[in-house]
Amino acid sequence: MKNISVLLVLMTCSAILSAQEKKDSTVVEPTSYKKKVLDNIELNFLYSNYVQNGNHGAVTGGAGDEHLTDNTPAILISIPISADEILSIDFGVDLTTSASTDQINPFAVAPIGGDDDDDKSGNTSSKTSGMIATSASTGGGDDGATAHKRSHGAATYTKTSDNRTFTWGVDGAFSSEKGYRSKGFGALMRKSFNDENSEVNLNAKAYFDNIDLIYPGEFRVSEGLFPSIGFKLLDVNHRNSFSSEFSFSQVLNKRMQISLNADLIYQEGLLSTNYQRIYFKDKPIITYKNSELAHDIERLPGSRLKYPFSVRINYYVSDVVLLRTFYRHYSDDWGVSANTYDIQIPLKISPSFTMYPMFRHHSQLQARYFAPKSQHLSTELFYTSDYDLSTFNSSQYGMGFTIAPPLGIFNLDTSNDRKRFRFKSFDIRYNYYSRTDGLDANILSLNAQFSF
Amino acid sequence: MKQIKQIKQTIVLALLIGFIMTSCNTVKAYERIKLNDKEMALVPKLSARFELQFHTYREAASGANGGKTGGGCGCN
Chain Y
1 MKNISVLLVL MTCSAILSAQ EKKDSTVVEP TSYKKKVLDN IELNFLYSNY
51 VQNGNHGAVT GGAGDEHLTD NTPAILISIP ISADEILSID FGVDLTTSAS
101 TDQINPFAVA PIGGDDDDDK SGNTSSKTSG MIATSASTGG GDDGATAHKR
151 SHGAATYTKT SDNRTFTWGV DGAFSSEKGY RSKGFGALMR KSFNDENSEV
201 NLNAKAYFDN IDLIYPGEFR VSEGLFPSIG FKLLDVNHRN SFSSEFSFSQ
251 VLNKRMQISL NADLIYQEGL LSTNYQRIYF KDKPIITYKN SELAHDIERL
301 PGSRLKYPFS VRINYYVSDV VLLRTFYRHY SDDWGVSANT YDIQIPLKIS
351 PSFTMYPMFR HHSQLQARYF APKSQHLSTE LFYTSDYDLS TFNSSQYGMG
401 FTIAPPLGIF NLDTSNDRKR FRFKSFDIRY NYYSRTDGLD ANILSLNAQF
451 SF
Chain F
1 MKQIKQIKQT IVLALLIGFI MTSCNTVKAY ERIKLNDKEM ALVPKLSARF
51 ELQFHTYREA ASGANGGKTG GGCGCN
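Chains Y and F supply the protein sequences, listed in that same order. The first sequence finishes on residue 452 if you use my numbering, and the numbering steps up by one all the way, no holes. The second sequence finishes on residue 76 if you use my numbering, and the numbering steps up by one all the way, no holes.
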């Protein structure tokens with residue numbers, strides 16, 4: 001993880017230096033003029049605060065506290081490494097506290113002085129005579145406990161043709177959190193035609209995830225509880241995702257444009273979450289130390305095919321009012337189908353200031369493997385009590401504000417050069433989200449954009 | 001029954017899109033002042049990326065919106 005972070009920092013510094021050198025050299029030896037794809041280095045500071053409440057925690061079998069907070073700072077920097085090429089680096093950290101992760105092993109006794117966050121020894125499980133041979137698990141911190149950190153980064157390189165109608169690129173990404181590591185690769189292609197009134201985008205990505213098999217406490221031999229006897233261990237600890245994205249966008253007239261998007265996503269490997277509990281209808285529930293001992297963990301098929309498509313239409317109604325609309329239909333081979341509608345109405349209060357109320361509605365039909373707590377039968381092959389896979393409607397509404405003066409915020413003029421440092425824009429938005437199963441959430445996000 | 005409803009929805013959508021597409025004409029670069037407005041971009045705002053991420057985690061549906069379609073756990 002640290003190596004990747006250092007590599008990303010070095011790549012960023014090298015690209016910035018290279019961009020500066022090329023900027024200087026073009027001053028000394030100007031040849032023919034070609035407009036750059038990106039004039040200046042652009043830097044975005046992003047931050048989000050997310051707070052969620054609910055009472056259908058999947059770790060506790062579909063009934064339990066789902067309180068969660070997540071703070072996510074991130075940096076995105078786009079560097080013009082030549083007139084045609086851009087390198088974008090994206091890095092962020094999710095800092096999460098979650099009530100449900102405390103419940104993965106409620107029988108563990110926290111050691112004095114806490115637990116080293118990097119110590120994975122308690123989480124690593126292996127098969128020995130069909131039993132779990134691990135989980136020293138003396139620390140709540142071993143399970144990710146309350147605090148949880150996820151680091152993620154991505155680098156994207158794009159190159160545009162001389163006539164600016166064709167762009168291709170490649171990208172690489174990683175994310176790392178306790179018990180879960182992911183790396184991904186992708187390629188993209190963009191072609192505009194019809195006097196740049198039409199554009200086709202193709203995007204392909206592959207993610208390769210590795211999972212540490214952390215089981216609920218009652219299934220660990222070290223805890224000495226009876227559910228661990230005869231417990232069927234998982235034999236897969238990876239999850240691979242492959243996606244292809246296609247989009248076609250078209251200018252309809254001077255005020256309206258549309259894009260049609262279709263994805264095909266295939267996932268295989270461990271698609272269930274190994275520490276989410278299941279309670280069966282046909283088995284009694286036994287309580288131990290104020291915790292209900294589970295009958296099994298979530299079991300789901302080893303593959304999933306998703307095929308969503310969407311339409312986005314933006315309309316410039318007047319110099320004051322704009323409309324941004326989005327519709328998506330989603331379906332997959334687990335039986336989930338969903339419709340999502342999103343509308344934003346940017347209101348241009350002044351040339352520099354825009355406010356945008358927004359509303360989103362989502363309705364979905366559950367996966368065929370979902371049932372609430374104590375509704376599954378032990379004879380079933382696959383089962384989950386994760387309410388993210390249940391039938392529900394959700395609504396989200398909120399407001400956003402964008403400040404983007406033509407000369408930048410505060411007009412920070414540091415030199416006579418047109419490539420001066422600028423605080424280009426500031427965007428802040430708040431949304432309230434509620435689901436018909438009782439889950440609700442507040443999310444505040446902001447983006448400060450600079451160029452230099 | 002559900003499938004018939006879905007097919008009907010798709011047909012209506014296709015007809016609507018077909019109607020809109022037939023009304024389009026070539027707009028020259030110098031006529032695109034309104035289309036070039038940042039608010040008219042056919043992608044989600046950068047500040048919306050966190051919402052797209054939590055929708056991916058909290059809902060069974062994902063994709064076709066420029067968001068992430070794989071990688072990472074999101075198990076909490």
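Some clues are possibly wrong.
Stated by the list, open to error - Only pairs whose alpha carbons sit at most 16 Å apart, straight line, appear in this in silico EDC-like list of lysine to aspartate or glutamate:
(1) Y:Lys348 with F:Asp37
(2) Y:Lys373 with Y:Asp282
(3) Y:Lys254 with F:Glu31
Calculated directly from the structure, the hints in this document are not laboratory data. Since the model is a prediction, treat every value here as computed from it, not as a measurement.
Checklist entry - When the hints from earlier in the document are held up against this structure, which numbers fail? => result No numbers; nothing is violated.
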